[in-house]
Amino acid sequence: MRAFQILIDGFAISALYALGATGFTLIFGVSGVLNLSHGAIMVAAAVAAWAAASIFNVGTYAGALIGVAVALVAAFATYFAVVKPIQDSRRIPNEEKEIFVLTGTLLWGIMIQELIAYFFTNNAKTVLPIVEGVVDVLGVRTPKNEIFTAIVCCLVIALLWLLVNRTRTGKAVLAASMNPRGVTLLGLELTNIYIVVWGIYGVLAGIAGVLLGMFLGVSSYSVGPLTASAFSIVVLGGLGSVSGSLIAAFVVGYLETLTAYLVSPAYRTIPALLLLVFVMYIRPQGLLGRR
Amino acid sequence: MNKALSGALRSALGAAATGALLAASSPAFAADPIKIGVIAEAQAIAGASIPQAAQLAADEINANGGVDGRKIEIIGYDNHSSSADSVRAFQRAVNEDKVNIVIASYISEVVLALEPWASRLKTPFVTPGAASNEISKSVHSDYEKNKYTFHGYLTSAALALSVCDGAKDLLVDKMHMKTAVIMSEDAAWTKPLDVGYEECLPKIGLKVLDHIRFSPDTTDFTPIFNKIEGAKPDVIITGISHVGVQPTVQWKNQQVPIPMFGISSQATNETFGKDTNNAAEGVLYQGVSGPGVAVTPKSVPFAENFKKKFGNYPSYAGYTAYDEVYYIADAVKRAGSTDADKLVDALEKTDWEGTIGRVQFYGKDDPFTHSIKYGKGLITGLMLQWQDGKQSAVWPKDVAKVDIKFPSFIKLSN
Numbered sequence: 001m002r003a004f005q006i007l008i009d010g011f012a013i014s015a016l017y018a019l020g021a022t023g024f025t026l027i028f029g030v031s032g033v034l035n036l037s038h039g040a041i042m043v044a045a046a047v048a049a050w051a052a053a054s055i056f057n058v059g060t061y062a063g064a065l066i067g068v069a070v071a072l073v074a075a076f077a078t079y080f081a082v083v084k085p086i087q088d089s090r091r092i093p094n095e096e097k098e099i100f101v102l103t104g105t106l107l108w109g110i111m112i113q114e115l116i117a118y119f120f121t122n123n124a125k126t127v128l129p130i131v132e133g134v135v136d137v138l139g140v141r142t143p144k145n146e147i148f149t150a151i152v153c154c155l156v157i158a159l160l161w162l163l164v165n166r167t168r169t170g171k172a173v174l175a176a177s178m179n180p181r182g183v184t185l186l187g188l189e190l191t192n193i194y195i196v197v198w199g200i201y202g203v204l205a206g207i208a209g210v211l212l213g214m215f216l217g218v219s220s221y222s223v224g225p226l227t228a229s230a231f232s233i234v235v236l237g238g239l240g241s242v243s244g245s246l247i248a249a250f251v252v253g254y255l256e257t258l259t260a261y262l263v264s265p266a267y268r269t270i271p272a273l274l275l276l277v278f279v280m281y282i283r284p285q286g287l288l289g290r291r
Numbered sequence: 001m002n003k004a005l006s007g008a009l010r011s012a013l014g015a016a017a018t019g020a021l022l023a024a025s026s027p028a029f030a031a032d033p034i035k036i037g038v039i040a041e042a043q044a045i046a047g048a049s050i051p052q053a054a055q056l057a058a059d060e061i062n063a064n065g066g067v068d069g070r071k072i073e074i075i076g077y078d079n080h081s082s083s084a085d086s087v088r089a090f091q092r093a094v095n096e097d098k099v100n101i102v103i104a105s106y107i108s109e110v111v112l113a114l115e116p117w118a119s120r121l122k123t124p125f126v127t128p129g130a131a132s133n134e135i136s137k138s139v140h141s142d143y144e145k146n147k148y149t150f151h152g153y154l155t156s157a158a159l160a161l162s163v164c165d166g167a168k169d170l171l172v173d174k175m176h177m178k179t180a181v182i183m184s185e186d187a188a189w190t191k192p193l194d195v196g197y198e199e200c201l202p203k204i205g206l207k208v209l210d211h212i213r214f215s216p217d218t219t220d221f222t223p224i225f226n227k228i229e230g231a232k233p234d235v236i237i238t239g240i241s242h243v244g245v246q247p248t249v250q251w252k253n254q255q256v257p258i259p260m261f262g263i264s265s266q267a268t269n270e271t272f273g274k275d276t277n278n279a280a281e282g283v284l285y286q287g288v289s290g291p292g293v294a295v296t297p298k299s300v301p302f303a304e305n306f307k308k309k310f311g312n313y314p315s316y317a318g319y320t321a322y323d324e325v326y327y328i329a330d331a332v333k334r335a336g337s338t339d340a341d342k343l344v345d346a347l348e349k350t351d352w353e354g355t356i357g358r359v360q361f362y363g364k365d366d367p368f369t370h371s372i373k374y375g376k377g378l379i380t381g382l383m384l385q386w387q388d389g390k391q392s393a394v395w396p397k398d399v400a401k402v403d404i405k406f407p408s409f410i411k412l413s414n
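Protein sequence lines correspond, in order, to chains B and C. Each residue of the first sequence is one higher than the one before, counting from 1 in the numbering used here. Each residue of the second sequence is one higher than the one before, counting from 1 in the numbering used here.
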């Protein structure tokens, strides 16, 4: 009974982590950008979905769509207002650009966080679930929304796989992540590929944020922990490796759930962080990392 | 020459005297305003009501001519729920803005950080919402140093008593409940609260089966609720303030069949209904006042005026902050001065009927020096429940409007 409970709860949270981390790792893989405003974009999506549904009464589905749209806008804003100007700047030496991008996106994330706290308070908000009620799964009373969350996460990740491996655009993105210079030599504009990737990222982060808002709820305080969790999952899986991130998301998700059930909810995140430190010692490139 | 000089002197003195008379008779030329610094969590559900309620009280007092012709001026500071920001705000309030007294915060950690500053800067300081026993215990243990701090809200010990008194009538006597699990966040205010719960729950006939403390950063409450369900208690006794929305929503989404009863600070604010998409339905929480509840004749008019001005009913700390401005004004009037020590003396003699009951402070020899007195005829607190999207009083009997009712997923064991 308890084993099933851990299995079911762990799956939903892991799938959510996986979705959140995929976009993050994709951007790094293709353009070398570590986007530290990731958590802020997810929270912005969830809060927008909440506000649309609860304050402006647009309904649950429209609210969720508005949430994803806000994340998409925020992702493009991050790229055009913060990342691109730094990448294009001639006054910042090339070898320092990564640090500038890190700092820039971190500050950008804090700005978004403070704006959310200012307009919507720092208390948690929860998005009205698309499906309500509970069902009995293997003797465990499970909210339907939890199952819905897991299914949507898996579907979106599957779609992403198809997009990357089966379409022309996706192949260009894949190529850019392997050899950016080669891609330009083939006559593809690198900037266009980046825009596509940031677009994909925005949608992924938006869906993850809205689902998180439905499943657990978010507040402006969630910004830091969300960025940190995506970051550690991606580092654990191997920077830039999408499949590594997926595996790492499930490792972290289940480790946290096991700790919460078997040890104490208060120590939930600690074992996963210890594992991260341990992996850094013996395999600095992460589980499936290339470098 | 001599005559002329003395004449000039006389007319000058006369002018000065007339000036003084004029000043005394017309409020427009009155002495400096009474400055009250308000340091609060403007971005948090419970804290947002503090500066708003204080301003409302000040506006009312000023519209009625102020205190002996002196106006009350509220100077607000947002502390972002941070102790460090609060200490800086306190220093600024005293040293630069020259406030006479400070009202600050609903978070015990913040108030405990400010208490030594009230002593160092010799500035009276009242909290409208923190609960830790340590606040008034420090006043008791070093009175001369810490006498500047007043605890304008119930201590955790008194809160536990209030919850137990309500639980006895509502849960044990009426619904014949026998067992409970305590669920509280890990924070300064819940340590004495939990001690109080552990002590008083068995006394009223509720056996404590388990006691779960969790980090205030917790976002996923599934394991916690599952663990509680495993213990099969009749009721969950809560001690939550930093968290509120998330456990409440997950309680509803997971359809945890056990009622929640106890302290849930965020539930005291009217916006809680919307923040939880009405998952709050059925939540039972302790309060010192509530919308539509006539604890005293002042309670309902205050809540209605607050809603008219700010769009929602106040949180518990709004009621206390409103009362505080009034009894500070009363103390200034009685002291005839804003001198810190005289103000402390006058505040100690406070006997003020506010919106939450009759406010008096425990004296030097009581263990909780400068905390407000708990008891019948003073302040007893209430139990309220979220019903049909509204907060309704269910206890004590003399103010209760409705009976307890639960959403359909709650399965009462008796």
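It should be emphasised that the hints constitute simulated quantities derived from the structure, not laboratory data. Don't take each hint at face value.
Quick list of the computed label-pair ranges, beta carbon to beta carbon [as the list claims (entries may be wrong)]:
#, chain 1, residue 1, chain 2, residue 2, range
1, B, Phe278, C, Glu229, 26 to 36 Å
2, B, Glu132, C, Gly311, 51 to 61 Å
3, C, His211, B, Leu155, 13 to 23 Å
4, C, Pro301, B, Leu262, 50 to 60 Å
5, C, Asp85, B, Ile99, 51 to 61 Å
Quick list of in silico lysine to aspartate or glutamate cross-link-like pairs, DMTMM-like style, CA-CA up to 25 Å [to be verified]:
#, chain 1, residue 1, chain 2, residue 2
6, C, Lys232, B, Asp136
7, C, Lys122, C, Asp351
8, B, Lys144, C, Asp351
9, C, Lys411, B, Asp136
10, C, Lys390, B, Asp136
11, C, Lys411, B, Glu132
Small disclaimer: the values here were computed from a predicted structure and weren't measured. C-beta: ideal position from N, C-alpha, C; glycine also.
Outcome of the hint check:
no.: 1; hint: B:Phe278 - C:Glu229: 26 to 36 Å; in the structure: 34 Å, holds
no.: 2; hint: B:Glu132 - C:Gly311: 51 to 61 Å; in the structure: 28 Å, violated
no.: 3; hint: C:His211 - B:Leu155: 13 to 23 Å; in the structure: 41 Å, violated
no.: 4; hint: C:Pro301 - B:Leu262: 50 to 60 Å; in the structure: 54 Å, holds
no.: 5; hint: C:Asp85 - B:Ile99: 51 to 61 Å; in the structure: 29 Å, violated
no.: 6; hint: C:Lys232 - B:Asp136; in the structure: 19 Å, holds
no.: 7; hint: C:Lys122 - C:Asp351; in the structure: 23 Å, holds
no.: 8; hint: B:Lys144 - C:Asp351; in the structure: 55 Å, violated
no.: 9; hint: C:Lys411 - B:Asp136; in the structure: 17 Å, holds
no.: 10; hint: C:Lys390 - B:Asp136; in the structure: 32 Å, violated
no.: 11; hint: C:Lys411 - B:Glu132; in the structure: 19 Å, holds
In terms of the numbered hints stated before, the structure departs from hints 2, 3, 5, 8, 10, listed from lowest to highest.
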